[in-house]
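Just need the whole structure built from these sequences, with the hints factored in.
So the protein lines, in turn, are chains A and B.
So in the numbering used here the end of the first sequence lands on 578, straight run, no missing numbers.
So in the numbering used here the end of the second sequence lands on 428, straight run, no missing numbers.
Incorrect hints may appear among the rest.
Unchecked claim - Not everything, but these chain B residues come out facing chain A in the computed CB check (under 8 Å): (1) Asp312; (2) Leu319; (3) Met324; (4) Ala329; (5) Arg332; (6) Gly339; (7) Tyr341; (8) Gly345; (9) Asp346; (10) Asp348; (11) Tyr350; (12) Pro383; (13) Ala386; (14) Thr393.
These are computed hints drawn from the structure, not numbers from a lab.
For every residue, glycine included, the Cβ atom is placed at its ideal position computed from N, Cα and C.
One letter stands for each residue in the lines below.
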Amino acid sequence: MSTIPSLDELLTTPDQETCLQQEVIPELQTRKVRVTDWLVGGVYRTFAYVAAKMRRDDRISLATLAAAGLEDYVFGFSPLPSSFSAAAGEDITAWAPIIARNRYGIEQIAATFTIRSIPLTNSSTTVYGPLSSGAIILQFPSGNRYVLDTSETGAITIPASGSVTARFRSEFASNTAAGIAYNGDPSGATIRLVTAHFPGVTATNVAPVFSPVAQVGGGLGTVTPSGTPPLAHTVTVRIVVSGQVGAGTWQVSLDDGAYSVASTIGVLANYSGTGITITPANNGGNPAFIAGTTYTFTAPGTDIVQYGRDVETPQQLGARCYATRPQLAFARDAAGNAIWGSPTIDAYQALALTASTQVYTALAQTDGTVNNKVNILIAAQGAPASPALISIVQAFLNSRPMLTDLPVVAAPTARTITLGAPTVTVKAALLATAQAAVQQALQNYLSGVDADAALPINGRVDRAHIIGVIRAATGVVKLDESGVVINGSATDLQLPVTVGAYEMAQWTQQVASTFTWATT
Amino acid sequence: MATDYGTDVAAIDDLPDPEALVSDEMNVAYALARRLLTPAGAYEEIGDPDIYDSIDLRDYLGKRISETARADLEAAANRVLAEDPRVATVTATVTFAAGVLSVRVVGDGSDGPFSFVATVNLLTGDVAVS
Numbered sequence: 059m060s061t062i063p064s065l066d067e068l069l070t071t072p073d074q075e076t077c078l079q080q081e082v083i084p085e086l087q088t089r090k091v092r093v094t095d096w097l098v099g100g101v102y103r104t105f106a107y108v109a110a111k112m113r114r115d116d117r118i119s120l121a122t123l124a125a126a127g128l129e130d131y132v133f134g135f136s137p138l139p140s141s142f143s144a145a146a147g148e149d150i151t152a153w154a155p156i157i158a159r160n161r162y163g164i165e166q167i168a169a170t171f172t173i174r175s176i177p178l179t180n181s182s183t184t185v186y187g188p189l190s191s192g193a194i195i196l197q198f199p200s201g202n203r204y205v206l207d208t209s210e211t212g213a214i215t216i217p218a219s220g221s222v223t224a225r226f227r228s229e230f231a232s233n234t235a236a237g238i239a240y241n242g243d244p245s246g247a248t249i250r251l252v253t254a255h256f257p258g259v260t261a262t263n264v265a266p267v268f269s270p271v272a273q274v275g276g277g278l279g280t281v282t283p284s285g286t287p288p289l290a291h292t293v294t295v296r297i298v299v300s301g302q303v304g305a306g307t308w309q310v311s312l313d314d315g316a317y318s319v320a321s322t323i324g325v326l327a328n329y330s331g332t333g334i335t336i337t338p339a340n341n342g343g344n345p346a347f348i349a350g351t352t353y354t355f356t357a358p359g360t361d362i363v364q365y366g367r368d369v370e371t372p373q374q375l376g377a378r379c380y381a382t383r384p385q386l387a388f389a390r391d392a393a394g395n396a397i398w399g400s401p402t403i404d405a406y407q408a409l410a411l412t413a414s415t416q417v418y419t420a421l422a423q424t425d426g427t428v429n430n431k432v433n434i435l436i437a438a439q440g441a442p443a444s445p446a447l448i449s450i451v452q453a454f455l456n457s458r459p460m461l462t463d464l465p466v467v468a469a470p471t472a473r474t475i476t477l478g479a480p481t482v483t484v485k486a487a488l489l490a491t492a493q494a495a496v497q498q499a500l501q502n503y504l505s506g507v508d509a510d511a512a513l514p515i516n517g518r519v520d521r522a523h524i525i526g527v528i529r530a531a532t533g534v535v536k537l538d539e540s541g542v543v544i545n546g547s548a549t550d551l552q553l554p555v556t557v558g559a560y561e562m563a564q565w566t567q568q569v570a571s572t573f574t575w576a577t578t
Numbered sequence: 299m300a301t302d303y304g305t306d307v308a309a310i311d312d313l314p315d316p317e318a319l320v321s322d323e324m325n326v327a328y329a330l331a332r333r334l335l336t337p338a339g340a341y342e343e344i345g346d347p348d349i350y351d352s353i354d355l356r357d358y359l360g361k362r363i364s365e366t367a368r369a370d371l372e373a374a375a376n377r378v379l380a381e382d383p384r385v386a387t388v389t390a391t392v393t394f395a396a397g398v399l400s401v402r403v404v405g406d407g408s409d410g411p412f413s414f415v416a417t418v419n420l421l422t423g424d425v426a427v428s
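Right, dumping it as structure tokens:
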């Protein structure tokens, strides 16, 4: 190495044998060591190996420090040079949280738990409780377990011949790479009580007819949905003119469509034939409804109160960090004072991801029709965002001056992905293992959490990657690629399918029954 | 026959200050003594790929030495000493008296006979080769 090492030299981590032969022993020869005993156990031989080991450790430290200064390496956007030995176990992306915190003031988003609201019904005449966190453990058909969580509600009591709704937290925080994922457990599942101390108690997670109504903006007025809609819908009500019921005006958007013509605030029975009745109430406010405020709900709702998510990857963290860079370049007024500017598209995405840990992916795009409108599409891990989550992010953005921008947060539409029935040949003894591995790999990819291939909102469903993950699954020896079709076509599927829409993939098939399995 | 077992630092469990070297019969004595004072796997930990069997007599520091333990120790000492490539034949005799563990070694090797006594004071941890 020259006196001032080059970057290539700094990023090179020789193994111990190389250090020994090319650096330590030549140095000893230069100094004419007087020993002749070089058998294992010899003092000088031991010196040489210890020196070589220390030298290698130092080179690794130097290379790590050098690489840590190059953020594309730290955030995993660029692979480390081959001279930076991965065999030594160095993982420079482990520095990403430290770099993000110290250079950008951004904390890595930790993995979170999935939280569900589940009614417990007691058919016995025994009262159970008060019960605190951990007293009840439930198990879903997937094998996922949930633990009673009373940290926010206080201890619960299950009444005799009655029911109580309780919050249950997933056993572990989400870690999809390790096969730990909870958001996919469906509503209406057959739930088993693992804790056997409550005879007569059953749990069910039937989805409510409607989600809670998410309000963005001020006003005491409330909007309450009712009815039994046969189909799934998203409804947003926007106040146009402030006022009471019967005085102010509002508009309704059905399934993210255009807003209706403004009408006087009042009961909307069986709105647009959906089976949904929308009932406003003043709730003591005057004016109860404030212009600009929106109320959003979906039908059906979900028992999920909080979507769990994986820990933010170094790449995701890096994208958020990089998105802050344009914000540093404030424009200045005539007096030289920095003035706030509207965020860039990247910054909008970073803001959305920062607003709530439940936001796993975000896409910001300027609207194709309204000049100042910025569409911000957000999704939880493997699921579109709930109205409550949308309201959180919208309120987060509304609390900041965006000047002429009008950011509007929404959830992408779920595009159901249907795979064909390819023939997969596996080793007979590994059939179940292979099926589970393929199921997990495809679930990871199509829910957007595959570390090797991102599938963002409006992304491209890559047929080659699907083939790749099937082939790579444990036990798979052959795959009939011609059978790998995505929504009826043996090509990639570019989202959105509906032009102008925002779509995210959603996949619920079970490969064990959908694919054709042959054994060898 | 003259002995030529090479030259190395006169070190057992520490480096001499000032530096001193040992050669020939004493060098092999020191080398074999280090086999009796080196924890198993120590050289593997620093990356030396060659096999090196050893025991550490200091493992017995503060312990009682029963006759069974002494016999086991003697067998282990004979085994690890025989692993040295310079050794053709070797006999190690272990004795324990007054808190001092002594290993008397007599042998013959590729470059001639050798003998030495390694001692470990099991109360103080002091070691010596003579």
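Evaluated hints:
{"no.": "1", "hint": "Asp312", "result": "violated, 11 Å"}
{"no.": "2", "hint": "Leu319", "result": "holds, 7 Å"}
{"no.": "3", "hint": "Met324", "result": "violated, 11 Å"}
{"no.": "4", "hint": "Ala329", "result": "holds, 6 Å"}
{"no.": "5", "hint": "Arg332", "result": "holds, 6 Å"}
{"no.": "6", "hint": "Gly339", "result": "violated, 13 Å"}
{"no.": "7", "hint": "Tyr341", "result": "holds, 6 Å"}
{"no.": "8", "hint": "Gly345", "result": "holds, 5 Å"}
{"no.": "9", "hint": "Asp346", "result": "holds, 5 Å"}
{"no.": "10", "hint": "Asp348", "result": "holds, 4 Å"}
{"no.": "11", "hint": "Tyr350", "result": "holds, 5 Å"}
{"no.": "12", "hint": "Pro383", "result": "holds, 7 Å"}
{"no.": "13", "hint": "Ala386", "result": "violated, 15 Å"}
{"no.": "14", "hint": "Thr393", "result": "violated, 24 Å"}
Hints 1, 3, 6, 13 and 14 from the list above are not met by this structure, while the remaining hints are.
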